[in-house]
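Q: Can you build the whole structure from these sequences, using the hints too?
Protein sequences, first through last, are from chains A and B.
Position 128 of the first sequence, counted from 1, bears residue number 128 in UniProt numbering, the numbering being contiguous throughout.
Position 152 of the second sequence, counted from 1, bears residue number 152 in UniProt numbering, the numbering being contiguous throughout.
A portion of the hints provided could be inaccurate.
As the list makes no split between identical chains, a pair holds if one copy fits it or if it spans any two.
[Claimed, not checked] Within a straight-line C-alpha distance of at most 27 Å, the following computed BS3-like cross-link-like pairs (lysine-lysine) qualify: (1) Lys161 <-> Lys51; (2) Lys101 <-> Lys65; (3) Lys170 <-> Lys72; (4) Lys148 <-> Lys161; (5) Lys51 <-> Lys98; (6) Lys72 <-> Lys60.
Keep in mind the hints are simulated off the structure, nothing from the lab.
From a predicted model like this one, the values you see are computed outputs, not experimental measurements.
Number of protein chains: 2
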Amino acid sequence: MKYPNGKSSSFRTKAVTQQKTSFSNRGMTLEEDINETNSYYLNTNKAVIHKKPTPVQIVKVDYPKRSAAVIKEGYFKQASTTDYNGLYRNKYIDFEAKQTKNKTSFPLSNIHEHQIEHMQAVNNHGGICFMIIRFSVYDETYFFPAVKLFPYWDSQFNGGKKSIPYSKIKEDGIIIPFQYQARVDYLSIIDQLYF
Amino acid sequence: MKYPNGKSSSFRTKAVTQQKTSFSNRGMTLEEDINETNSYYLNTNKAVIHKKPTPVQIVKVDYPKRSAAVIKEGYFKQASTTDYNGLYRNKYIDFEAKQTKNKTSFPLSNIHEHQIEHMQAVNNHGGICFMIIRFSVYDETYFFPAVKLFPYWDSQFNGGKKSIPYSKIKEDGIIIPFQYQARVDYLSIIDQLYF
Numbered sequence: 001m002k003y004p005n006g007k008s009s010s011f012r013t014k015a016v017t018q019q020k021t022s023f024s025n026r027g028m029t030l031e032e033d034i035n036e037t038n039s040y041y042l043n044t045n046k047a048v049i050h051k052k053p054t055p056v057q058i059v060k061v062d063y064p065k066r067s068a069a070v071i072k073e074g075y076f077k078q079a080s081t082t083d084y085n086g087l088y089r090n091k092y093i094d095f096e097a098k099q100t101k102n103k104t105s106f107p108l109s110n111i112h113e114h115q116i117e118h119m120q121a122v123n124n125h126g127g128i129c130f131m132i133i134r135f136s137v138y139d140e141t142y143f144f145p146a147v148k149l150f151p152y153w154d155s156q157f158n159g160g161k162k163s164i165p166y167s168k169i170k171e172d173g174i175i176i177p178f179q180y181q182a183r184v185d186y187l188s189i190i191d192q193l194y195f
Numbered sequence: 001m002k003y004p005n006g007k008s009s010s011f012r013t014k015a016v017t018q019q020k021t022s023f024s025n026r027g028m029t030l031e032e033d034i035n036e037t038n039s040y041y042l043n044t045n046k047a048v049i050h051k052k053p054t055p056v057q058i059v060k061v062d063y064p065k066r067s068a069a070v071i072k073e074g075y076f077k078q079a080s081t082t083d084y085n086g087l088y089r090n091k092y093i094d095f096e097a098k099q100t101k102n103k104t105s106f107p108l109s110n111i112h113e114h115q116i117e118h119m120q121a122v123n124n125h126g127g128i129c130f131m132i133i134r135f136s137v138y139d140e141t142y143f144f145p146a147v148k149l150f151p152y153w154d155s156q157f158n159g160g161k162k163s164i165p166y167s168k169i170k171e172d173g174i175i176i177p178f179q180y181q182a183r184v185d186y187l188s189i190i191d192q193l194y195f
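A: Written out as C-alpha cells, the structure is:
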C-alpha cells in the first residue's frame, strides 16, 4: 500500500511478525501508557506531543477570598478534534486513542463524526494522522493510519458494518511495540511508515 | 534578520508601513478574534488550527439519573503548553496570544516558564512558533516570533527588564492585518516569513 509520502509500507509483513506484548500493561489504561510515553519523548527531546485537556463547559465559578477560583458547575463537552497532537521530526502529528474490550471488532461508535472530519483535514494538509487502538483482551495495541479508517467509516452509511473486524485491524494496522520507557512506542512505527 | 528557514525578512519595512487597524476590534477580545479567524481558516480549508481547551482539574462529579454528568468541584490549572496549535501548509504551527493594556511595554509576567520551554522545544523540532501580542490602547496586534522572545525572557534573569518595550515589539514584530473574515490574519505573516 501507499502512504501520503509515497513510500510503500511493509504492513502485512509487520502484522505477521508481530510480538505479543502481554507484559506491557499491568493494569494501566491506554491513556496512562500514552501519557507516560509522551513524557518520555518530551524529556528525551525526541518529540513534543501532548494530550489536549478535556473540554469542559464552565457554567459557574466561585471566587473565594484569598484562595483559588472554584468551578462549581461544569459539563463535559464533546471533543471536536482528536485527543493528541504535536510535533516530531518537523512533522505535525495527530491521533486519537481508544481501547475496546471487544474481541472480534472495533466499534465505530467509539469515534465521532467531528473527529473523522478533523482527521481528514489533517491528512489533507500534510499531517501524520492515525488511531491507536488497544484490544484489551489480547493486550495488543495497534497503530491504525487514518487513511485506512476512512473507508470503514464511510461504508457504515452505505449498508456496511458499524465496526472494523479485528482481522482487518491486524491486516491494515501495525502492532505497536512495548518499550520499558515508551510503553506505547508509536514513534517507532512512524519512523517505519513515513520517513 | 534571519529566520529558521534561512530566509531573511522585511521586518523593519513592514513595521514602518504598518496600517492602523482601528476599525478591527469593536469590543471583541483577542481570543474571540483568533477563534473566529481559526474558524474561517478551517471552513475555507486553509489551515487546521484550534485553541486547546482550558485545563481543568476535576475533583468532584455528580452523575444524576437520566441527565448529563455535572462537575461540582474543579480548579483551573496552569497550562504547560501554549493555547493554540495546528497545521498549515504541511507545517506544525504553535502560538500563544496575549493582550495588554500597557502603553509602553509587554510585561513578561504574561508568560510562564513552562510555556517558554514548550516554545523552545517546538522551535527545535522544526515547528513555526510565535506569540500574538495585542496592545489594546493602540488597537495594534503583532506577530512576534518565538526566537525574538527568548532573549528578552532570558535577560530578565540577568538583570534585564521584566518586560519587552513597545518600541522593540514594533521593531522585532510584524503588525497583523485585519481582514473582514480573518480578523487576526496571522497566516498572511507566516506566508511572508516562512515560505
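Q: Take the hints in turn and mark each one as holding or not.
A: Cross-check of the supplied hints:
Proximity of lysine 161 to lysine 51 under the C-alpha cut-off of 27 Å is found in neither arrangement, the shortest distances being 30 Å within a copy and 34 Å between copies. When the C-alpha separation of lysine 101 and lysine 65 is checked against a cutoff of 27 Å, the pair qualifies only between copies, where the shortest distance is 25 Å, while the shortest distance within a copy is 47 Å. In this homomeric assembly, lysine 170 and lysine 72 never come within 27 Å of each other (Cα to Cα): the closest approach is 45 Å inside a single copy and 42 Å across copies. Taking CA atoms no more than 27 Å apart as the test, lysine 148 paired with lysine 161 passes inside one copy only; the shortest distance there is 15 Å, against 53 Å between copies.
When the C-alpha separation of lysine 51 and lysine 98 is checked against a cutoff of 27 Å, the pair qualifies both within a copy, at 13 Å, and between copies, at 23 Å. Taking the shortest Cα distances, lysine 72 and lysine 60 sit within 27 Å of each other both inside one copy (5 Å) and across copies (9 Å).
Hint compliance for this structure: hints 1, 3 are not met, and every other hint is.
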